[in-house]
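Given only the sequences and the hints, what does the whole structure look like? Please build it.
Protein chains in written order, with the working numbering: chain X, 1360 to 1690; chain D, 1422 to 1712.
No lab work stands behind these hints, which were simulated from the structure alone.
Accuracy of the hints is not assured; some may be wrong.
Said to hold, decoys possible - Residues from chain D that face chain X, not an exhaustive set, calculated with beta carbons under 10 Å:
| id | residue |
| --- | --- |
| 1 | 1537 |
| 2 | 1541 |
| 3 | 1643 |
| 4 | 1650 |
| 5 | 1697 |
| 6 | 1701 |
| 7 | 1703 |
Glycine included, each C-beta is placed from N, C-alpha and C at the ideal position.
What follows is each chain in one-letter form.
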Amino acid sequence: MYDRRVLMLLGLVAVLAVALLLPAIAPDSATTNIAVFTVMYVGLATAWNIMGGYTGYISLGHAGFFGFGSYALGLLLAKLGVAGGYEPFLFVPVAGVLTAVLAAVVGWFALRTRAATFVIVTIAFMFMLQLLAENLTSLTGGGAGLAFPNPPWRGGFFNIPFYYAMLALALVGLAASWWIRRSKFGLGLLAIRDDEDKALAVGVPAGAFKLTAFVISAALVGMIGGVYGYYVTFIYPQFVVDPLIGISMVLMVFLGGLGTLWGPVLGALILEPAQLWLAYNYGVSRLYLVLYSAVFLLVILFMPRGIIPSASELIARRRARAPATRAGATP
Amino acid sequence: MILVLEAAVLGVLTGGVYALMASGLTLIFGVMRIINVGHGALVVLGAYLSFVLWRNLNIDPFVSLVVTMPVMFVLGVILQVVFIRPLKADREALSVLVTYALALGIEGLLGFFFTSNYVQITAWYDTASFPIGNFRITYVYIYGFLLCLAILGAIFLMLYRTTFGGAIRATMLNRTAAQLVGIDVDRVSAVAFGIGMATAAAGGVVFGITNTFNPGSHYDLISRLLTIIVLGGLGSLRGAIIAALIMLVIEDITAVLISPVWADFVFFVVLVVVLLVRPQGLFGLRVRERL
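Below, the structure written as structure tokens:
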């Protein structure tokens, strides 16, 4: 038991070291660009999992929070006249707070429903935000888009600050996810997932817990959306409130393992580079969507529980069998 | 005032088309307890099928339904058997994802074959109009409304006058009990999915004549259709039809009184109000469904 814990800690340190040193290992901007997006999805999937994985409430509208965070940061920077550089990153938490407020309001009425209706409400919410971003032209610039201040970095260094910003948010998300899983709060969330009525009966404040998880999850997604907006420097309603971003984080969580700590990370590490590769090679012909949907269907139909739960079950089964075979070997 | 009246009449007529599309969606939910997020994409697929028959073979879009509805029915049965039936545990959540994936796949395929340029089906009746009082109504709205009325009537006859319809209703009421009295719920589910897709084909034709569309049009459609079935009460056919009429009338009047760009927004406002006042919708039976 002790050995395993040390091993896991070492593994964790190694992964973290690779993540921190990646720009030094592979400094070309093509690689760091992929790294920025991959780490972005690690954060998004981890954040989505806090709501979708722990409470079982499937939100297909998290792209709405992503876009809102993006617009919130962009508008803050524009109104305050913040110049490009490191300073815009300081306003990312503000965008997070604003997204949290929005999520509290949306969650207040959306969480009056369960299961199927909740899914529908989240989808409708996402399209409502997209429509607002398009129609409130005087505020958001509408279809003409919203410009962020220009990041001053050039050449190979351009991606590096964004990489570390995304990495920091992903780590915050992971820390939150880890803490929630170990806390009484997280236990309550899992109870809600298993049977909400029974959870209520044994005294879990389901309403408050669900809303808290929803707000934490949305705020993280909003902050990541903010950094994304600054990274691409020009945002349009349909590109930041993009249903594909919303469904991608869900798919990653399902691939890696719903409701596990490392599942979303694994899912994002596998799928995002694959997605970028598909978009790069097949994006023009729209076959990209077909391939994406095929991967999606394969995951849901053949591995609905995800890699990590399936793998750990396999290991547990082999462990259980191992002593028996040893006993058989020495008659 | 006359403009508002005209908008209301138009709202009822287009509402009929949405009623047809939404009835397929709510039927699928009622029988299988799944939300078919791909329904909008299926409507767009239906529109493209008729578009191809019209453009390449010069077949009248309404006549083409004789071909597209059976084709879509069979396709629906196949999709249900291949993609929905295998889902065992956690069906509600997984089916949303599967149908979402199907929507993306259909969007991608349509984009591959037809590019993302907007197209529209045209016929003589989409411009020709006749006067009613002080305003004129284009024939296509009347034809579309009559078509939807006919199909909805056929669905109701099937549901309430045939043994198989009884089996569908029994499955909607209680799947387990239906199984216990010997109903093949798998077969009922597959057929219900097929019927849902056939209605999507019919709705798609009228949608394709009255709107320009492209492979990405399904997002807009599905968010409207989902709002309609939530307002009507998930799984309630009557509710879906009434909700569709209400929503489209409100939308068209908003477009006249305020602005067309805000007309879509009404859907969301109504959705929020419904959830606050009556989360189960107009005709929803269960106050809260279990997860």
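Consistency of the hints with the structure:
1. Satisfaction of the interface hint for residue 1537(D) is found here, the shortest Cβ-Cβ separation to chain X being roughly 7 Å, below the 10 Å cut-off.
2. Of the supplied interface hints, the one on residue 1541(D) is violated, with its beta-carbon coming no nearer than about 20 Å to a beta-carbon of chain X, more than 10 Å.
3. Satisfaction of the interface hint for residue 1643(D) is found here, the shortest Cβ-Cβ separation to chain X being roughly 7 Å, below the 10 Å cut-off.
4. Interface hint status for residue 1650(D): upheld, as the beta-carbon distance to the closest one in chain X is roughly 8 Å, under 10 Å.
5. Annotation: interface hint on residue 1697(D) holds; nearest CB of chain X at approximately 6 Å, less than 10 Å.
6. A distance limit of 10 Å between C-beta atoms decides the matter here; for residue 1701(D) the minimum to chain X is near 9 Å, and the interface restraint holds.
7. Checking residue 1703(D) against chain X by beta carbon gives a least distance of about 14 Å; that is not within 10 Å, so the hint is violated.
The structure does not agree with the numbered hints 2 and 7 stated previously, though it agrees with the rest.
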